[in-house]
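Engineer: Order-wise, the sequence lines are chains A and B. For what it's worth, our numbering labels the leading residue of the first sequence as 22, then goes sequentially. For what it's worth, our numbering labels the leading residue of the second sequence as 126, then goes sequentially.
Hints should not be assumed to be uniformly reliable.
Quick list of in silico lysine to any residue cross-link-like pairs, SDA-like style, CA-CA up to 25 Å [as the list claims (entries may be wrong)]:
1) A/Lys31 x B/Ala251
2) A/Lys23 x B/Glu189
3) A/Lys23 x B/Ala159
4) A/Lys31 x B/Ser472
5) A/Lys31 x B/Asp140
Cβ-Cβ distance ranges computed for the label pairs, FRET-style [unchecked claim]:
6) B/Asp168 x A/Ala73: 45 to 51 Å
7) A/Arg92 x B/Thr175: 39 to 45 Å
8) B/Glu186 x A/Thr42: 26 to 32 Å
9) B/Glu250 x A/Gln90: 58 to 64 Å
10) B/Gly247 x A/Leu84: 45 to 51 Å
11) A/Arg92 x B/Ala302: 50 to 56 Å
12) A/Leu52 x B/Arg388: 21 to 27 Å
13) B/Leu156 x A/Thr57: 53 to 59 Å
14) B/Ala183 x A/Arg92: 46 to 52 Å
15) A/Leu52 x B/Lys164: 57 to 63 Å
16) B/Lys164 x A/Asn105: 50 to 56 Å
To be clear, the hints were calculated from the coordinates, so they are not data collected in a lab. Positions of the beta carbon are idealized from the N, C-alpha and C atoms, including for glycine.
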Amino acid sequence: MKAIVTVIGKDQVGIIAAVCTLLAEHSINILDITQTVLQENFTMVMLVDTSACSLPLGDIADLLDKAGQARGLSIRIQREDIFNAMHRI
Amino acid sequence: MLNQHEILQTIRMIDQQHLDVRTITMGISLLSCAHSEVKVACDNVYDKITRDAEKLVATGEAIEREFGIPIVNKRISVTPISLVAAASRTDNYAPFAQAMDRAAKTCGVNFIGGFSALVQKGMTEADRTLIHSIPEALSTTDIVCGSVNVGSTKAGIDMDAVALMGRTIKDLADRTADTRGFGCAKLVVFCNAVEDNPFMAGAFHGVGEGERVINVGVSGPGVVYHALQSVKGQPFDVVAETVKKTAFRITRMGQLVAQEASRRLGVPFGIVDLSLAPTPAVGDSVARILEEMGLETCGIHGTTAALALLNDAVKKGGVMASSHVGGLSGAFIPVSEDEGMIAAASSGVLTLDKLEAMTCVCSVGLDMIAVPGDTSAETISAIIADEAAIGMVNSKTTAVRIIPAPGCKVGDSVEFGGLLGSAPVMPVHPGSSTDFIARGGRIPAPMQSLKN
Numbered sequence: 022m023k024a025i026v027t028v029i030g031k032d033q034v035g036i037i038a039a040v041c042t043l044l045a046e047h048s049i050n051i052l053d054i055t056q057t058v059l060q061e062n063f064t065m066v067m068l069v070d071t072s073a074c075s076l077p078l079g080d081i082a083d084l085l086d087k088a089g090q091a092r093g094l095s096i097r098i099q100r101e102d103i104f105n106a107m108h109r110i
Numbered sequence: 126m127l128n129q130h131e132i133l134q135t136i137r138m139i140d141q142q143h144l145d146v147r148t149i150t151m152g153i154s155l156l157s158c159a160h161s162e163v164k165v166a167c168d169n170v171y172d173k174i175t176r177d178a179e180k181l182v183a184t185g186e187a188i189e190r191e192f193g194i195p196i197v198n199k200r201i202s203v204t205p206i207s208l209v210a211a212a213s214r215t216d217n218y219a220p221f222a223q224a225m226d227r228a229a230k231t232c233g234v235n236f237i238g239g240f241s242a243l244v245q246k247g248m249t250e251a252d253r254t255l256i257h258s259i260p261e262a263l264s265t266t267d268i269v270c271g272s273v274n275v276g277s278t279k280a281g282i283d284m285d286a287v288a289l290m291g292r293t294i295k296d297l298a299d300r301t302a303d304t305r306g307f308g309c310a311k312l313v314v315f316c317n318a319v320e321d322n323p324f325m326a327g328a329f330h331g332v333g334e335g336e337r338v339i340n341v342g343v344s345g346p347g348v349v350y351h352a353l354q355s356v357k358g359q360p361f362d363v364v365a366e367t368v369k370k371t372a373f374r375i376t377r378m379g380q381l382v383a384q385e386a387s388r389r390l391g392v393p394f395g396i397v398d399l400s401l402a403p404t405p406a407v408g409d410s411v412a413r414i415l416e417e418m419g420l421e422t423c424g425i426h427g428t429t430a431a432l433a434l435l436n437d438a439v440k441k442g443g444v445m446a447s448s449h450v451g452g453l454s455g456a457f458i459p460v461s462e463d464e465g466m467i468a469a470a471s472s473g474v475l476t477l478d479k480l481e482a483m484t485c486v487c488s489v490g491l492d493m494i495a496v497p498g499d500t501s502a503e504t505i506s507a508i509i510a511d512e513a514a515i516g517m518v519n520s521k522t523t524a525v526r527i528i529p530a531p532g533c534k535v536g537d538s539v540e541f542g543g544l545l546g547s548a549p550v551m552p553v554h555p556g557s558s559t560d561f562i563a564r565g566g567r568i569p570a571p572m573q574s575l576k577n
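Next comes chain A alone, as it looks inside the complex (with noise of 0.2 Å):
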């Protein structure tokens, strides 16, 4: 299964290498990655496969909400369909 991983926030040192371990940790593998920084504000969307991951995603979720709080960053993770759905015919 495909989900979206969003990370937006204030620039800061190691936000990827973070977002990457925890993901690895839970064996998601992320098929593409598109960064931007604009003014000291970080953006990144993940495209990732969870199909190896033995968690739930809404368990995979709050893991990255937790750490996000902890670095003062919005993470979060979320099936594609919901993308698709909204933006694809």
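Put chain B on the given structure of chain A with help from the hints.
Structural biologist: Here is chain B on its own, set in the frame of chain A:
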């Protein structure tokens, strides 16, 4: 492949523009629960609801977390209780409401609807019993909602029922006087009620429906408002197109959630109701959308035209996005639940008369309106009759959810809290409609041709 802009647009809609799925409502048929003994029938009702909707809340929450989209309410609608209770030997149906209340709380849902009767052409003994039981039923329960359909385009308006409902609303307000008549926020009087509406307080599971069904109500006034900010000053063609595109996206999201809920629960998917349902939160208001179109305040001249465009464009955008569209679908204009409406009504610009005109083109009717506590039952009946006439003649659903707030005068404000918000007490016309309501009988069904 999705691009970053699209993904972030969705995130912004959820984070900043209050995009959400307003409700997943499971419809449950209670026809099999009928029994001559009230206690047995009520036990049947409790057992059936708790069995059928056992996983509703957990499933809704799981979908919410996986898709990252808020699902604000999980609700249950049931067969109109006047049909279920008709077999029982009793002159009080309040125990049925209490059984519904207990069952809904066990399931963990926000509201349960269906303490209802359909009396557009006449009342059975059971219908009368149900209506007489409403004040006790809704004042002794917390999350049970009731509705009564008093008219339809095909049947006309049952004026005996209209008269009865005026008295019922007054009685219910008095019994819940400690909360300024909050009980009345859980009661809707309909004309042309729909059988698959997932929104409260008017949801019930129609007799034409299957055993169980999943209906989903989407919302998003904030998203539409935000989209219109990007087309300031442009012609209405552009406004309509913008609303349609936005409604399409919102509804696609609702359709996805509805299908997912239906699959996980093993319950057939019914409809998506693509209504713009406001909340008291700033930035989630239908009134502010109308004002964004160029009106200084909601309620001034031009408001009805703006609402007509909005209501129609929402339907047009949503219809293609869902395999089955139903329910009420359009723009709601509840006064207490809409920050912009509250402001417009408090300032005296938005009046009951203008609201009535707006209900000719909105999706439902006079919704969540507080009037002075000394408003007579006949005046309330007359307001219901006016509103039902609009629905009957225009072949649309109209409704009245009115709160004659005990002890309150024009200028006061009634606090309901949560999504129900706060309602400024609005003035009603002082003249008497007593002789009009005392006539009773039926207003005949209207012509469906020679439409002028």
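Engineer: Does each hint hold? Answer for all of them.
Structural biologist: Verification of the hints:
no. : hint                            : in the structure
1   : A/Lys31 x B/Ala251              : 63 Å, violated
2   : A/Lys23 x B/Glu189              : 17 Å, holds
3   : A/Lys23 x B/Ala159              : 47 Å, violated
4   : A/Lys31 x B/Ser472              : 41 Å, violated
5   : A/Lys31 x B/Asp140              : 17 Å, holds
6   : B/Asp168 x A/Ala73: 45 to 51 Å  : 48 Å, holds
7   : A/Arg92 x B/Thr175: 39 to 45 Å  : 43 Å, holds
8   : B/Glu186 x A/Thr42: 26 to 32 Å  : 28 Å, holds
9   : B/Glu250 x A/Gln90: 58 to 64 Å  : 60 Å, holds
10  : B/Gly247 x A/Leu84: 45 to 51 Å  : 60 Å, violated
11  : A/Arg92 x B/Ala302: 50 to 56 Å  : 52 Å, holds
12  : A/Leu52 x B/Arg388: 21 to 27 Å  : 25 Å, holds
13  : B/Leu156 x A/Thr57: 53 to 59 Å  : 58 Å, holds
14  : B/Ala183 x A/Arg92: 46 to 52 Å  : 31 Å, violated
15  : A/Leu52 x B/Lys164: 57 to 63 Å  : 60 Å, holds
16  : B/Lys164 x A/Asn105: 50 to 56 Å : 51 Å, holds
Hint compliance for this structure: hints 1, 3, 4, 10 and 14 are broken, all remaining hints hold.
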